[in-house]
Amino acid sequence: MIARFGWRFHLVRFTPTRLLIVCVSLLLYALVDWWVGDALGAMEDMLAIGPLLLSAWFLGHAGSMMTLGIVVILHFALSYSNGEPLAAALFINDLPGIVVGFVISFITGWLSDLLARMAEENAKRQKVEAELRLLNEELEQRVLDRTQELGESNERIERAKKEWEATVDSLSDLILLTNEEGSVVRCNRATVDRFQKEYDDVLNHPLSDLFCDEGKDCHAVFVTPSVEYQFQNLAGWHHILNHQVQWDDGKLYYVHIIRDITARKQMQAAMIESQKMADLGTLSAGVAHEMNSPLQVIIGVSQMALRQMSPTALETDPLRSDLEMICRNGWRCAEIVRSLRAYAHTSSDLYEPADLNEIVRDTLLLTAHQLKSWSNISVVADLAPDLPKMECDRNRIVQVLINLMTNARDAMPNGGEIALHTEYDSRQGRLRLDVSDTGDGIPEAVLGKIFDPFFTTKPIGQGTGLGLSIVAGILRAHGSEVQAASVVGEGTKFTVSFPLKQVTPPTSDEARGEALGRFDDSYTSLPLANLISTSG
Amino acid sequence: MNKKVLLAEDERDVRQFLRAALTEHHFDVTAVNNGANAVVAAVEQTFDVYLLDMMMPGLDGVQTIRVLRKVTPQVPIIGLTGYVRQGFMAQALEFGVMCLNKPVVIEVLVKEIEEALKK
Ligand SMILES: Nc1ncnc2c1ncn2[C@@H]1O[C@H](COP(=O)(O)OP(=O)(O)OP(=O)(O)O)[C@@H](O)[C@H]1O
Ligand SMILES: [Mg+2]
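So the protein sequences, as listed, match chains A and B. Numbering (our numbering) for the first sequence: 1 to 536. Numbering (our numbering) for the second sequence: 1 to 119.
Hints in this document: simulated from the structure, not taken from any laboratory. Glycine included, C-beta positions come from ideal geometry on N, C-alpha and C. Incorrect hints may have been included.
Some chain A residues near chain B, calculated using beta-carbon distances under 10 Å [as the list claims (entries may be wrong)]: (1) I298; (2) V301; (3) L365.
Chain B stretches covered by chain A per the calculated footprint, using a threshold of three residues with CB under 8 Å from any CB of chain A [to be verified]: (4) 2-16; (5) 20-27; (6) 94-103.
Just the calculated beta-carbon pair ranges, DEER-fashion [as the list claims (entries may be wrong)]: (7) K3(B) <-> C333(A): 42 to 52 Å; (8) Q428(A) <-> K3(B): 53 to 63 Å; (9) K4(B) <-> N414(A): 53 to 63 Å; (10) R338(A) <-> E115(B): 44 to 54 Å; (11) K4(B) <-> D382(A): 54 to 64 Å; (12) E44(B) <-> L319(A): 33 to 43 Å.
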């Protein structure tokens, strides 16, 4: 019973309304009991039940068994305080009323508790439902947010992918990805463009099918980290870089980057060529120096010996003709050395403004006596008037003209015409000089070689093959260009284009001398050193 | 009386040849093998003309010319060179020295020397 009370107690909540009801019912009961009390005598029992019922109803409604208990105790207490000695009788008389009241109050209390509990539960459920709804809404919002985020990141991924594709496609290098079997997994646009194929014809096909000739194995080219190679299927030189990559799936792939380096190779070749020319310059300077002293001795001594031969010796003396031969060949060597020397000079010291027409006329004057001996060859000069002056080393331009004219003569063994033409191209600001002949012409296959040193088609003893390379060397030093055009059987035309001003400082002779190593002071004595410094 | 020529030439064969050839043309030739010795000789004796190779070890032609001009400004100098460096010739010309290219025809050389002696 007590435990039950305790349980009940916990279920009852004393709201202000309920407390008020309890108070009112207690007051009512006390009033009736006190007021009616003994005066009504026999009615007492009946009346006692009334307030008890009433209070029980109230209390039941209030749902408090504990309050009921209190009411019962108060009932006894009040009965007793009225000076009524028959508490026990009252209790007995009152007992059915109390039991009924008790039961009613219990039921109503239980009912109201139930209702209250139901209401409470309902409220709770509503609250939970509300919370659930809130959670639900929140969840929906989050799902929405997440979807949007996903969409955005998808877009980003897509954009990144496109950017990468565009990047790789914009490169002119061929870029391919192959798997372990050597099949192409991916490639960039340059690759398909280069082979003029569709992506489908390249992807999933073996790499070697694309690059290697049938039956030829160029596999090694695609496994070496870096290699330069000339593919059969692609014109020119290529630099191939191969990288190994491992994907998340553990498989091995290869990235191949193939770059066309033909232009670089060509430039390198040109540089080597010009280096060769520079070396040739150094070399010829050295040769010129080293050869001239021995030639001096050969020529000088043979001439001296000739002079010293007894005047009585016959013209037909074999010794005389031998010495003459030595002397003659000595001079020939000296000639060769002299022409070699033309390479050694690139000094700009002597660059002065000069009239190209004047140079042409001077050359014709200088060579007048030789020209006479050129049988059946006429020289026509068609010179544009009032040419602007050009900065040049006159003597060397004369040399250019002589070399070109000599070649023209050699090309016309049966006679012909050499035409010299000058003109000013005001648009380019350059002077032009044409030297044309009506000779044999130069075959296509030979045309590319004529400027090479020592290239000649002339018999030994007649041509050294240096004439045109000297021309090219001199003109290069003048920032000028020379071109040859020829029709076999009709003739050849050499066109030279001169700038008016010299800009690039040509390599100095000083530097050349140093390269020869001829200037180191291996000998200095003290007094002389003093003399030099005081005279300095 | 024969004119006295001081010849400075580092290459033995050339030196011998020039000495012989000039002697043949009635010059009194003293030959030395470098610029320093030429200066020493020029200080010790008097010459009518100096004939210098432009490329010699130690004092080269131009340096030798510079010293000789200090020591004996009145003596004419003729240069000989196997390697025509424009700068070289120009430098020599600054001292009023003409350079002849090797190989030189001996008659041409003799004529040059005679020209120089006339001045
Ligand atoms: N005007 C020309 N007509 C036809 N062929 C030419 C002409 N000029 C040059 N060539 C060709 O070019 C070659 C090279 O010419 P280059 O002047 O360099 O040497 P070369 O004339 O043979 O010898 P060198 O000039 O030393 O006497 C010649 O051998 C000749 O075959
Ligand atoms: Mg030629």
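Hints, one by one, checked against the model:
{"no.": "1", "hint": "I298", "in the structure": "8 Å, holds"}
{"no.": "2", "hint": "V301", "in the structure": "5 Å, holds"}
{"no.": "3", "hint": "L365", "in the structure": "23 Å, violated"}
{"no.": "4", "hint": "2-16", "in the structure": "holds (count 3)"}
{"no.": "5", "hint": "20-27", "in the structure": "holds (count 3)"}
{"no.": "6", "hint": "94-103", "in the structure": "holds (count 3)"}
{"no.": "7", "hint": "K3(B) <-> C333(A): 42 to 52 Å", "in the structure": "32 Å, violated"}
{"no.": "8", "hint": "Q428(A) <-> K3(B): 53 to 63 Å", "in the structure": "59 Å, holds"}
{"no.": "9", "hint": "K4(B) <-> N414(A): 53 to 63 Å", "in the structure": "59 Å, holds"}
{"no.": "10", "hint": "R338(A) <-> E115(B): 44 to 54 Å", "in the structure": "24 Å, violated"}
{"no.": "11", "hint": "K4(B) <-> D382(A): 54 to 64 Å", "in the structure": "58 Å, holds"}
{"no.": "12", "hint": "E44(B) <-> L319(A): 33 to 43 Å", "in the structure": "42 Å, holds"}
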